[in-house]
Amino acid sequence: MSPTLVILLVASCVAASCALIGTFLVLRKMALLGDAISHAVLPGIVIAFLVTGSRSALPMVLGAGALGVLTVLLVELFTRSRRLREDASIGVVFPALFSLGVILISRYAAQVDLDLDCVLYGEIAYAPWDVLLIGGADLGPKALWVNGAVLLLDLLFVLIFFKELKLSTFDAGLSAALGFSPVVIHYLLMSAVSVTVVGAFESVGAILVVAMLVVPPATAYLLTDRLGVMLGVAVGTGIASALLGYGMARALDVSIAGAMATVAGLLFLAALLLSPSHGLLARLLQLRKMGRRLSGQLLLLHLRKEGEVVPTAMLERRFGWSARRLQTVLSGLLRTGLVEREGGGLRLTPKGSEVLETTGRAQLAHKL
Amino acid sequence: MELTFTARNVLIGATLLGALGGTLGSFALLRRQSLLGDALAHAALPGVCIAYLITGTKSPLPLFAGALAAGLLGSLLILATVRWSRIKEDSAIGIVLSVFFGIGIVLLTYIQKLPAGNQSGLDKFLFGQAATLVVADLQVMAVLGAIVIAFVVAFYKEFKLLAFDREFGSSLGLPMRKLEVLLTLLLVVVVVVGLQTVGVVLIVAALITPAAAARQWTDRLGAMLLLSAGIGAAAGAAGSLVSASMAKLPTGPVIVLVSSSVLIVSLLLAPRRGILWARLRERQVAERIQRENLLKDLYLLGERRADWDTALTWPHLMGLRGQTGRELARNARPLVAAGLAERDGDALRLTEDGRKEAEQVVRKHRIWEVYLSRRLELPSDHVHRDAEAMEHALTEAAVTELEEALGFPAVDPHGSPIPARRASGGGNR
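First to last, the sequence lines map onto chains F and S. So the first sequence is numbered by my numbering: it starts at 1 and just counts up by one. So the second sequence is numbered by my numbering: it starts at 1001 and just counts up by one.
What the hints contain is simulated information worked out from the structure, not anything from laboratory work. Computed from a prediction, not measured in an experiment: that's the story for all the values here. Among the hints, a few may not be true.
[Stated by the list, open to error] In silico BS3-like links for lysine-lysine, alpha-carbon gap of 25 angstroms or less: (1) LYS351(F) to LYS305(F); (2) LYS1088(S) to LYS166(F); (3) LYS351(F) to LYS289(F); (4) LYS1088(S) to LYS29(F); (5) LYS163(F) to LYS1088(S).
Turn these sequences into a full structure, and let the hints guide you.
Written out as structure tokens, the structure is:
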């Protein structure tokens, strides 16, 4: 396999598994718990290194998974004691655990084959050369095995528990009433986050895991209202960010992980502005359309009240509109023949009065 | 310990930052924006890089300015995204945090490839390298810190309203939105000041951990601010000294662990809010309830048999509350010790004092039953369960008033006599 292909495959696996799990974090408003876990797994990874003295994947996943669950437990413990709110609990737990990890790395740098740069940037660029050796046989890049396995696990998790995840995410009360414990699903999800984060940690680093966990699902959230579609779009956006990010990193000779987060951010920005259903532009257009309809309605009612030709200048003054604004409002009304020009003014046509007579105000808005 | 010049700089810087972070962090904590500081710190990174790319220097002021601008942009983006789209606040914070940081990393790696980039020293902003603090940095920190503190003092009342009752502030005609921007601006300044000392990742702890610890000790904002600043400064000082005294101990993480330890002690031991005291109080109440229940059970059995002298055996008592012999023995111990009961093998008998004590519990129970059935007109078979709980909660004074209000009833709704008020004061409460 060519090195580039390995990197692209690893990046795609990371992006896809993060997007699958991250979708539920975003929907459950737990994005920042994902952030906390992605930092707090560091001491778990370091301790696994120190105990086993090797970089083998399984102890690392176990160590990180344990710390991930510990983070969730601690945050909940503090929150439930009602001494700290949830945001503060997150804000005190993960820096403490991350600090522990950094100190362990600094103290035992000789034994721990992990430096702080890796913690921040990840080492995806080295993925092709870190191969899995079993009994002396070269089985290919280790990162590909690890992240492929994580993706498979996440995929199975989402497929098997799809119904339970969906129900407990959107209606925890109903879920509990039907006998699917939201608590069990919550802890399963948190374990899945921990495992996913470890896989991604080595490739893209602690902070950019968050970019992969949160940004593509948030992008998908802007594009659809259906959970199944959202999962698909999130995975697609994630993989697109990974691939385009790699291209950008190559072209500019910069950090791959950083470039992936940057592209993910750009895709999010595009969705935020341009999404047909929830984008800012669509909302703006909708607001303007509503404004035009309302103005047209006002104009018709005013003309009926006056009952005669009203000079346009007077209309402009009456509503405080500019000549251009009046023109925009009028164009629709003139085209449908509800008003007509006469001299320097406007008058309701017989058709206009008829429409006003026969339609209620609520329906009127749609006729204009 | 003789401090080197560098160690002295670190000590001063960490103490200053601790005090500033503690102060501004208190407001963030109270406004439930603990993680905003985290996002701002990450968002500042690309600002630092762009400032370096534009000016080509690493003197503190331009870098501060860049970080400040980027941090502000980040906070505005969070606000705007939450306000104008369906994205929730937690996602918005996560997005700004990670994407800005990603852009920062891209710029950082770009700068390092530049001919002069290797000496840029910008990566110290990531984890903080307090050891690189020079006197010029400290001067900038001190000046900015003084400005921040001056603003907090000048706008103390307004910020207090912002933290506790924004609506009331608006109704007074205060420009709450502008004040909010000002407070966020001050927070960004502190975050940027802290970047070099503790780094992007850990800055949130410099803000929130001291504030969370201080919150446990007081309910007053002024006291909390001072205490939080004090804890932050002390953690900064202690952390930098510890880290200077041993090799391979990075300053930022040590400071965080020191303030986290202070937080844990505060959560457990702070008077009134401490978890340990709460547990202790809960246990004391539970034990008192057990004790009073046993007294009452002995009394009721005696009353039913019109015989106070025969000791009651465990099997008599076990059936009442489904307790085991061992539990009964444990509950009996404090009664015997207080001279309220006498134990005779596996049997228990009330003493004269014990009977008086039990009468007071029964009295509370029965008066409450009368109150429920007469005033709230509950049927008499519905009042017992409620009285079971209230007999442990009512004070003597409250019962006396109730009794008076009810016209000194002689019997409860079930026809059992209500014991008289204790002749002389005292008692176990």
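Now for the hints, and whether the structure bears them out:
1. The straight-line distance between the Cα atoms of LYS351(F) and LYS305(F) is roughly 16 angstroms, inside the 25 angstroms bound, and the hint therefore holds.
2. Straight-line distance between C-alpha atoms of LYS1088(S) and LYS166(F) comes to about 18 angstroms, which keeps the hinted pair within the 25 angstroms bound.
3. Taken as a hint, the LYS351(F) and LYS289(F) pair is honoured in the structure, with Cα atoms around 23 angstroms apart against an allowance of 25 angstroms.
4. Of the supplied pair hints, the one linking LYS1088(S) and LYS29(F) holds, its CA atoms being roughly 7 angstroms apart against a limit of 25 angstroms.
5. Note on LYS163(F) and LYS1088(S): the hinted pairing holds, with a Cα-Cα distance of about 23 angstroms set against a maximum of 25 angstroms.
The structure shown violates none of the earlier numbered hints.
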